[in-house]
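Order-wise, the sequence lines are chains X and Y.
Per my numbering, residue 1 is the first one in the first sequence, and the count goes up by one each step.
Per my numbering, residue 1 is the first one in the second sequence, and the count goes up by one each step.
To be clear, the hints were calculated from the coordinates, so they are not data collected in a lab.
Computed from a prediction, not measured in an experiment: that's the story for all the values here.
Among the clues, some could well be false.
What the hints assert, rightly or not - So the derived list for chain X, only partly shown, Cβ under 10 Å to chain Y, looks like this:
hint : residue
1    : D9
2    : V11
3    : G95
4    : L103
5    : R106
6    : A113
7    : V115
8    : A140
9    : V147
10   : G172
11   : R216
12   : A219
13   : L237
14   : M241
15   : L245
To be verified - Reference excerpt, derived from the structure (chain Y facing chain X, CB under 8 Å, subset only):
hint : residue
16   : A59
17   : A112
18   : L124
As the list claims (entries may be wrong) - Rough simulated footprint, nothing fancy, chain Y against chain X, three-plus residues with beta-carbon under 8 Å:
hint : segment
19   : 38-45
20   : 79-91
21   : 153-161
22   : 164-171
Even for Gly, the Cβ is constructed at its ideal location relative to N, Cα and C.
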Amino acid sequence: MLSALPALDLVLWAATTLGGLFLFCLILAKHLDREFPFLTIYLGANLLQTVTQLFVYQLYGFNSNVTYAAVWSSQAVIVVARALATYEFCYRVLGHYRGVWALAIRILLLCGALVLGLMLAFSRDGFRYAVMTLEIASEAFIATIVVGTVLFARHYEAQIELSAMLLGLGLGLNSCLKILNDAVLSRYWQNYSGTWNEVAMVGFAGVLALWVFAMRAAATEYVPKPELRPAEVYRALAPQMNRRLAELNDQLVRFLKPEQPKL
Amino acid sequence: MSATFFIAAVVFALLLAALLLGASRSSRRGRRRPDGLAVLDRAPQHLCNMGPIRRSQDAADLQYVTNRSGRELAGRLRRERRDVALLYLNSLRADFEQLLRIARVVALLSPAVSRSHEYERLRLSVSFRIRFQLVKLRLLFGDASMPQVAALGEMVSTLAIRMEAAMQALGERAAMAANLALTSEQ
């Protein structure tokens, strides 16, 4: 049955499977599964999905309803596993900073949920491609959280380890590519259905390469944990800082007014 | 899939990818700051010079030069005063950024932060940046008159004194809190 697939698809499938297997073994060999448990689970689930797909395709063919249901159900599990790996990335970047983490995770989840809801709400007319729409929305959720985490880290000037950065880049770019790929497929089904799978696999191969570098970096880098200050310092300083910033802001407001400002 | 949703999804994905690449590049390159409250030692430095700058913006000086040396020298003086005003604005921004950085370090190293304080700071920093660009444009196009600059100098001079006192108090409070933490650990 698999021989019915184009040669390029088979090569790409083999390459991504081997890449995933290599990364999975690398994580286990370097004992990084304790540091990245959700990423390890995600990669394991991905490999399991490949094996399952192989059996399903052999037994039921490519066009049966059973295949469709089995493949897309397993994809739901994969998306959930990737969402957990995304949480792991967020925690690695901001988790050390308890106060900022408590604030960031709420805002990120809120933004992610908002994007998910909007995507589902505005794609009602695309019910024909309900599975695609659901995947686009869930990928948008993941991408929003990854990008939000990096923006939070940038805003607070929190240092991001190379391994975490590469992991986040992989997760974010993978989701963005999936959104683009699914959107083009839903819109131009006739012309794009043959290319869709190949684009997805090439993208995933690139992401796997990023994660291999991430794991190599994680195995060697040492990251000291930041030393937090008493909560009293923030409670005392934050309002005063904001007041002074507001005063500096006022200088500019007065400067903009045409009349002579008064002290 | 409707054309609108297709365009929205494509734009959204491209925007997120660009943001991710841009933010990750700048997060890894040249944004490493010293940890801890040591940044408090580098409190706003420029505002203490506001006295001399205020005096340099005196309108009577310009009038005097115009009367004594003619329009050419007065024009040159006006341009130089505008440059001083621009430098002054930049110093104001540097102080704002410095204060902002201190506040971020304090928030980063705190076990609990307030959402309202953080949101307020974000709002202030955005509005400051917009206003700063507006004021700069007005100065560059010669719209802001010297008396206004002088008045601003006076205001910031007053602010500098208040800020210096506040920063001293903040430094003392931070040191006190650190000492308290050390005592409780012992």
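Going back to the hint list, which numbers does this structure go against?
When the structure is compared with the hints, numbers 1, 2, 3, 6, 11, 12, 16, 19, 20 turn out to be violated.
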